[in-house]
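Trainee: Turn these sequences into a full structure, and let the hints steer you where they fit.
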Amino acid sequence: MRTQNATAYRFLTPYLLIFAIFWIWPIISSFLISFQATRTVPWRFAPTFNWGRLIGDPAFYNALKNTLLILVIQVPVMISLAIVMAVLLNSPLLKARGLYRFAFFAPVVVGEVAYSAVFRLMFSLDFGIINKLLNSVGLTKIDWFSNVTPAMALIMIAVTWRWAGYNAIIILAGLQSIPEDVYEAATLDRVSRVKQFFYITLPLLKPVIVFCAVLSIIGTMQLFTEPFLITERGGPGGGTETLGLLLYRQGFRSLNFGYASAVAYTMAGLAIAITLVQLWLTREPK
Amino acid sequence: MAAVTLTNVVKRFGVFEVVHGANIDIADGEFVVFVGPSGCGKSTLLRMIAGLEDISGGDIAIGGKVMNDVEAADRGIAMVFQSYALYPHMTVEQNLSFGLRMNGNPKADTERRVKRAAEILRIDELMQRRPKQLSGGQRQRVAIGRAIVREPQVFLFDEPLSNLDAELRVQMRVEISRLHKELGVTMIYVTHDQTEAMTLADRIVVLKAGNVEQIGAPLDLYDDPANRFVAGFIGSPKMNFLKANVVETSNSAAIIELVNHGGARLRKPLSNAFPAVGAEVVLGVRPEHFFEAGEGDCDIPVKADVAEHLGSVSYVYANAGPEELIVEREASRQRASGDHFTVSIKAERSLLFDKAGARIR
Ligand SMILES: Nc1ncnc2c1ncn2[C@@H]1O[C@H](COP(=O)(O)OP(=O)(O)OP(=O)(O)O)[C@@H](O)[C@H]1O
Ligand SMILES: [Mg+2]
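Protein sequence lines, in the order shown, are assigned to chains A and B. The numbers in full-length UniProt numbering rise by one with no breaks, and the one at position 249 of the first sequence is 249. The numbers in full-length UniProt numbering rise by one with no breaks, and the one at position 15 of the second sequence is 15.
No lab work stands behind these hints, which were simulated from the structure alone. Keep in mind it's a predicted model, so treat the numbers as computed, not measured. Each residue gets a CB set at the ideal place from its N, CA and C atoms; glycine is no exception. No false leads were slipped in.
Listing some non-contacts, in silico: residues in chain B with all C-beta distances to chain A over 10 Å:
no., residue
1, Leu168
2, Ala226
3, Ala264
4, Ser271
5, Val282
6, Ala320
7, Ser337
Capping the alpha-carbon separation at 20 Å, the derived lysine to any residue pairs in SDA-like fashion look like this:
no., chain 1, residue 1, chain 2, residue 2
8, A, Lys206, B, Thr91
9, B, Lys132, A, Leu175
10, B, Lys132, A, Val208
11, A, Lys195, B, Thr91
12, B, Lys132, A, Glu180
13, A, Lys206, B, Pro131
14, A, Lys65, A, Tyr248
15, B, Lys346, B, Glu295
16, B, Lys355, B, Ala226
17, B, Lys355, B, Leu270
18, B, Lys238, B, Val306
19, A, Lys195, B, Gly104
20, B, Lys132, A, Pro203
21, B, Lys303, B, Val313
22, B, Lys132, A, Pro207
23, A, Lys195, B, Asn103
24, A, Lys195, B, Met90
25, A, Lys195, A, Val84
26, A, Lys195, B, His89
27, B, Lys115, B, Gln94
28, B, Lys132, B, Leu121
29, A, Lys65, A, Ile157
30, B, Lys132, A, Gly174
31, B, Lys107, A, Tyr199
32, B, Lys238, B, Tyr222
33, B, Lys115, B, Leu179
34, B, Lys65, B, Val10
Mentor: Dropping the structure here:
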């Protein structure tokens, strides 16, 4: 048994080495870097240099506020939408189910840059189809990119478009694992379709929904592509700058690795904290 | 309480017809079992009565009222599913009361009904558990409890015991019987297990491939089956079927020759139909109707192949040419494998069928 294990570990060594060098070490290293002053060479150990700055940095609070705002609005809207999509996909009345499933899932596999470019076009002030549509129903055009509120809305719409289908597919799998005869029993119990949804489907989907919510929270905490590409680096004027963008700005443009590391750890810590709170709130009653 | 009447009931899935005009009359308070091999349409019939499947043709009436277009919930029935179909996220108590609560039934009445069901089924101790925390038998009780709580006119059971082990099955069988006596309501019970059918039913409906083969009391079906299918399906171990030819007929009997048993002959008195001389027929003999050599009307020698000793009786799987016969022997007359012995058939303890399987009386 022991020799068997040893042999196994020898085969695993290349992977374990790569894992240690490219995963474990950066995680430890960035944690250490967050305690160093990295503005000047050589770097020196200064525990409060970055963390102290973080606590008083208006740019950090702006990015934090934007990230959390997107989180509390976009995630619930998207999950609700995903549930509705999943229920529709699961309906026996639906024809061409495979086609819809593909269509819902497609945004995930579209390249980020391509999708951002399309969104920029669609929402452009003078040529965009969205403003044309608004005009045609008698509403005024919206300058999506120059005002903070529409810009934030745009980010949320884009993220929702991209991930709602993905979540819908996961929820669909959960829906299909609920046995049909439970609904038949409820029908015999004179429970209406709507009540069946709220008293049977939703409670039984809870674990799947929590799973989707956790994934979405982690994703949104790291939100980067959309504010970077669609609203042009968190514009207008930092109005859509997220923690992910702040990290990028500090780490890769100002080359301030210590501060960027501190931001990164804050993001991870917040994601873990919010997830734990969520898991605790939705725990199974004993 | 209510009678259930099926008149020319047909079910089609698309172009595929699976029930071909069933006529079944079930009296108020009767316990009727639908029995038949897998895929014969038992569940489909039951689900049509419940209102879970549309009726493609004919009428289903409950309590004298045609129910074809009545919602499942308004038919006054309750159904127990094979997989129990309990609400997994609710406690036993919530499972029982869910339907009533959703319909705004007065709280005191709901509590009374739940309490009564729990007492009848002895599940009072389990009320706060979830289905996951229950054994198969306990889940089955809860499923039945959920049906009782609805206080239905008709109970429908779809193979409720098939997920239980043998011992529990016997125990629950007795409980369902007791429940029927206690509640006195009409019960329709689907199973493919003829033992369950025999022990539970007031009357059995034997189905085969979407057709009703015969309806009758358990012992009537056992003693006087209408055809070879019913004869083979009811009774365990199965009835033996011996190939035979008609060699002579008179106006009150036919003489047949058992082709696989050295030309042994049997005179079979008949009253209605007389097969032609030379016709191929089949003689049906139940395992317990083989007598000791010389006691019957026709002796055939056999060789014991395997013997199963069950204590009070033994089943001897005996070989005679290409036919294997199952012979029941009292324990005191056991046979060991390899023994040669002779069994005897009595004319009045055997049944004659024509080649197509219809009974010749
Ligand atoms: N939804 C359906 N669509 C098409 N055919 C069906 C459907 N449900 C059942 N059938 C067919 O109808 C026939 C009867 O099915 P049913 O479920 O009533 O059989 P059963 O007697 O209950 O068998 P079992 O003992 O295996 O439960 C089968 O041939 C089955 O394939
Ligand atoms: Mg069935």
